[in-house]
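J.: Protein chains in written order, with the numbering used here: chain P, 913 to 1006; chain X, 1221 to 1566; chain S, 2 to 288.
Don't read these hints as lab results, they were simulated from the structure. No residue lacks a Cβ here, since even glycine has one placed at the ideal position from N, Cα and C. Treat the hints with care, since some could be wrong.
[As the list claims (entries may be wrong)] A few chain S residues facing chain X, derived, Cβ under 10 angstroms:
#1 T14
#2 H69
#3 R180
#4 R227
#5 V229
#6 A247
#7 A275
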Amino acid sequence: MVGEEFYRREGAEAIIVRPLDDIVLLYHRPSGQTHMVISPVPEILDTMADGLPASATMLRDRLALLYDLGEGDVVGEIGQHLAYLDRIGLVRPA
Amino acid sequence: MSAALLVMALRDPATTAALDATGWNSLIAMARAERLIGTLAFRLEGLGVPDAVRPILADTRDDAAREARQAIWEADRARAALAPIGLPVILLKGTAYAAAGLPAGRGRFIGDLDILVPRDRIDAAADALVAAGWEWVKEDPYDDAYYRQWMHELPPMIHAERDRMIDVHHTVLPLTARPTPDAAAMMADAVLITDGLYMLCAEDRVCHAAAHLLADGDLQGGLRNLWDIHCLCEESSERQDDFYLCLFEKAAHHQLTAAVWRALRLSHHLFDTEVKAYHVPIEVDYKLRWSDRAFISRLLARNGWGQETRKALVFAFFVRSHWLRMPPLMLARHLLTKWRKGHRPQ
Amino acid sequence: MRHSLTLRIGPATFRIGSAWAQPIDQLARLYADYPDVDGAIADFTVRLQPTSAVRRWVRPSIFITGDHGLADAAPMSLAHGLLAAEMGMNLQMALGWRRHLLLHASSVEKDGRVLVMTGESGSGKSTLAAQLGERGWRLMGDEFALLDLDSGAILPFPRLVSLKNKAIDVIAGEVPAARMGPLLGATAKGDIRHMVPRADAVARMGEGGMPALLLFPRFGSGPAERPVGQGEVFMRLTQASTNYVALGEPGFAALTRFVAQVPARAIDFPSGEAAIAMVDRLWSEIA
């Protein structure tokens, strides 16, 4: 997609991931903040683990191999999650 | 008992070997009150201290490390917020020292993020920060008008999610203060720390700290400011032969000669800063002046329970700090408004 | 300061200074059986000082402060000096303690395992802990539970138990008068009376235990009981901790381990007796 934003995940050493029974906790070392997230945020971060730049479309394609993503504007939804993750510092514009 | 105990421990940490329990209790209470406990903890690192003191200092070092990490993160967020409008982030004070790894930053209490932006871009900077999630701390209209009309900074903003404050300065002293440092020159001379973050150059860092200590504040937290000056000078003079000459040159340009000179005398006297005297091209010595005595009394006005002593002197300095910043009529108006609202020094 | 006293409660040592003799005398009486640490190096300094010079003598008014203080702390009358001293110590712990994760919770121990109870002020957690402490459990603390960052154990902080309003009569009926402090009437939180924990709670104040059950008690309805999901437990405990953020990563590691390992239940109860019955049943079922 032309003009789509690319992001890369912060290094693995910056984020600690702890799944509990009903949520996933992310501890972000640089800010000292704890984030509580639910699906699909942990999955999105997982597919960005290589640290390389990725767009919402690319992530949709990767996630589609692993999960049934259903109908609707999946790319738009992933894009919103990426913007949120950028704001809290877990991903950066690439 | 006065904060001379704390000054001695910072200056020569080995002297703490002679302290008894009362001495340690006093030292710790004073250091906490002056927000120098983190600095003290680093100064005492590796020295033998009583068992009961060790965990107190270790906790403090952990706190300082965490605080530095978060301060650097806040600076990075400000960088990300201001990058779209092409403004570099010039860090001031604690965050700058921490980000650059300066000795002055070791264990230093940091608090708010202070940044410097050009005066004609201040509204754009505020808009960009608001867009990135900072909000105005709700102030009453009088305080807001006061800040905007007379101060050297925007009213404080706080980040809605991270709960951290930012102070956006456009110069280093209030507009009403008599010295008018050349903020544009300070910005032009700023040096890169890393990745879009800048700090003032070595001489301007001392000029700013001295202005903050003597021309701006009421000497609240004065010992900490003076310790900054000591560390900044020691580090820069080691690196640069004629540092003090360059410093006086800059100070003259910023109309801060008196403040810098006094700060150096106080720092030399209290912390044994290795200042350099000159005969040519300028005449500079560091003998204490009569007027320095009141400053020293004020800086050391703290007892073994961490309480401020010499209330009258403290009050005199509160009035003095406002006097320096504002012409008398404005001062009267301001004090009246403040006092009606029940605000009193200490 | 004119009057002073040093106290050790659990792992923390406090140096308390006061402009008046009364709060120090009352502390000395109620903490008489705690370890004698006169002249020790303290973790914290607490100060009870006049709000202004004239307030030392005229309608004496106490400003509570110390190493850590709140600029806008409300002044208290000298009649409530004992409460002021206790609040001053709590303030230091809440704002300054870093050696454990601090949970605003009561805790009791039996057979080396610990029951932790957390909830808002008025939830009944303090009264329930005090009652259990008189019935075969060891009271570890009514206000703060200390979670050890390395071992995951809960450590005691057995300060005086602060009983409020109706809880005063309930407890005063069960314990000897010598263990009760003076009645402090009409404080900001109503009537308050302090209770000295039993001798074994004080003697074993250095001894922790592994947490076995977490309860969110709520006085006033029920009896009812429900399991609480780990996400909710985590969120409520971060809100109940005054130093979770300040501890950073070690706090995160300790709290996530606690949440993952300790079963949690919310209980609503109409009376103290009902609560004790529920605790006994849950303890035998789960813990």
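J.: A separate judgement is required for each hint: does it hold in the structure or not?
T.: Right, here's what the structure says about each hint:
Interface restraint check: S:T14 against chain X, minimum CB-CB distance 7 angstroms, threshold 10 angstroms, status holds. Given hint, S:H69 at the interface with chain X, holds; its Cβ is 8 angstroms from that chain's nearest Cβ, closer than 10 angstroms. Checking S:R180 against chain X: minimum C-beta separation of about 29 angstroms lies over 10 angstroms; hint violated. Taking 10 angstroms as the C-beta contact cut-off toward chain X, the hint placing S:R227 at the interface is violated, the least distance being around 31 angstroms.
Because the closest C-beta pair between S:V229 and chain X is about 26 angstroms apart, greater than 10 angstroms, the hint is violated. The closest approach between the C-beta of S:A247 and any C-beta of chain X is roughly 7 angstroms, which is under the 10 angstroms cut-off, so the hint is satisfied. Of the supplied interface hints, the one on S:A275 is violated, with its beta-carbon coming no nearer than about 40 angstroms to a beta-carbon of chain X, more than 10 angstroms.
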